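All chains, please: the whole structure from these sequences, using the hints.
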Amino acid sequence: MALFVGGRNVYAVTGTEFGDTIYGHTSGTVNSGAIERHKLYGYGGNDKLYGDAFILQGSATGGVDLFYAGEGNDYVYGDAYKIRGNAKGYNDTLYGNDGRDNLYGDAKFLYNTAHGGNDRIYGGDGNDNIYGDAVGLLNYSAGGNDYLYGQLGNDYIYGDAYRMTGYTKGGKDTIIGSAGNDYITGDAKQMQYASQGGNDRVLGGTGNDFIAGDGTGMAGLTVGGHDILFGDEGNDRVVGDGWILESGAKGGNDVVRGDAGNDVVYGDAPQIRVGAVGGSDYVLGGAGNDEVYGDFLVEPVRLYMDAGPNANDTVDGGTGNDTLGGGTGSDVFVFHKGDGTDVIRDFSGVNWSDSDHDRIDLTDWHFASFSALEPYIHYNTTAPGEVTITLPEGETIYLANLLQKGGTHQLTASDFIL
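Numbered according to our numbering, the sequence shown terminates at residue 406, and the numbering increases by one at each position without gaps.
Keep in mind that the hints were calculated from the coordinates and are not lab data.
Remember, it's a predicted structure, so these values are computed and weren't measured experimentally.
Honestly, I wouldn't trust all of these hints.
Said to hold, decoys possible - Computed spacing ranges between beta-carbons, pair by pair: (1) Ser20 with Leu209: 33 to 41 Å; (2) Leu209 with Glu24: 39 to 47 Å; (3) Thr101 with Gly208: 15 to 23 Å; (4) Ala22 with Ala0: 16 to 24 Å; (5) Thr4 with Gly328: 53 to 61 Å.
What the hints assert, rightly or not - Straight-line distance between alpha carbons at most 25 Å, and here's what the computed BS3-like set of lysine-lysine pairs gives: (6) Lys238 with Lys160; (7) Lys177 with Lys238; (8) Lys96 with Lys36.
Idealized CB from N, CA, C, for every residue including glycine.
Next comes the structure, spelled out in C-alpha cells:
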C-alpha cells in the first residue's frame, strides 16, 4: 500500500499493519525548493519510508523529518531513494525497532555534488544495517556529520556509506555500537579512487566488535581521517584506518584504544601494501592481554617491508600482558608501572637506520641515567636480538627481534626516553 502527500501542510503520516510504502512529500521527483518537515510512522509490516520524495535533484533540499519504523523489517530513507545534482538531504532522526531494519540517513545513493544532512539514527532491537548517509557516495558527493547509535543487536554501522568512490568526502560522525557484536566503519566499507574519510569518533560498546576508523578496504588515492576510536568492553578488533591499505592509500593520524578485554589494535591496518602509507597514530591497548601494532601486523621477519615509508607511532599496551609492534617508522613504545609482561616484536634501535629508529619510554620509573637502567637489561647470548628488560617493580619488557646497524644487538642510551 502506497501513501504519499503532495501538499506541504501535512505533518504526520502513519502506516498500517501491512507492508506500506510511505512518502512524506511525493512519490515522484523534486527539483527545487525546501520541503517541510514530516513525521512518518511505519507501524506494522515490512515498510518502506521516504522522508520527502523518491528523487531529490537540482537545488532541492529535504525536510527535517522524524521516523518511527515500527515492527517488521523496514527500509527507512531520511530524504529520498536518490539524491543527485546539487540537492541536499536535511537533518533527520530515524528510530528503528524490532526486526532487521535498513536505516539510511539520507538516501540509497548520492550522486554528482549532492550532500547528506546531519542525521541521528537509532537502531533499536534487532540486527540492523545503519548508513549515516547512503549505500553509495558517488562522484563529488559528501556525507553529513551524523550521530549513529546501534543499540541492541549485532549491527552493521557505516558512518557515511557502504561504498565511497570518486572524489567523495565523509562527514565528521559519532558512532556508538552499544550492546551486541557490531561491525563499524567510520566512513565506508569500501573507499576507492580519491575518496576522503572524515574525522570520526567511534565507541564500540559491549560485545566483541570490529571497528575501522575509515573503511575496511582503502585503495587508490584515498585518504583516511583523523579518528578517535575506543573498543570499550569485549574482545575487539580496532584499526585506525582500514583492514587493507593499498595502491597509494594514506592513513590518518588516529587515536586508537582497545580499552577493556583482550583486544587486537592497529594504528593503521593489518596489511599496508605497495604504495600505501600509514599515519602518525597513538595506539593504546587498555586493560587485558592485547596485541597492539602501530602500523601493520609484524612477524619476527618483517612482513610488507615493501610497503613504503610509514609514520611515527606511539604504542602503549596498557595493563596486562601485551604483544606490541610499531611497523616501519620511528616509533615510541610507552610503558608504565603495573603494565605487566609485554613483548615488542620489531624494535629497531636508533642505530638501525636514519629513518627507522624506535625508542622505549620508561619515564614512569625516573631512572637518573642509562647507567642506572643497564643492570636491568639482559641479553640472550644464544639468540642474538632477544633482550629482556626486568624493571624494579617486576614489570618485564621482552624484545623479540632487536635490530641495530652492523649486526650488533646492544641497546644504547639513545634507544630510551628516561
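Now for the hints, and whether the structure bears them out:
no.: 1; hint: Ser20 with Leu209: 33 to 41 Å; verdict: 34 Å, holds
no.: 2; hint: Leu209 with Glu24: 39 to 47 Å; verdict: 40 Å, holds
no.: 3; hint: Thr101 with Gly208: 15 to 23 Å; verdict: 20 Å, holds
no.: 4; hint: Ala22 with Ala0: 16 to 24 Å; verdict: 19 Å, holds
no.: 5; hint: Thr4 with Gly328: 53 to 61 Å; verdict: 59 Å, holds
no.: 6; hint: Lys238 with Lys160; verdict: 18 Å, holds
no.: 7; hint: Lys177 with Lys238; verdict: 16 Å, holds
no.: 8; hint: Lys96 with Lys36; verdict: 12 Å, holds
Checked against the numbered hints above, the structure violates none of them.
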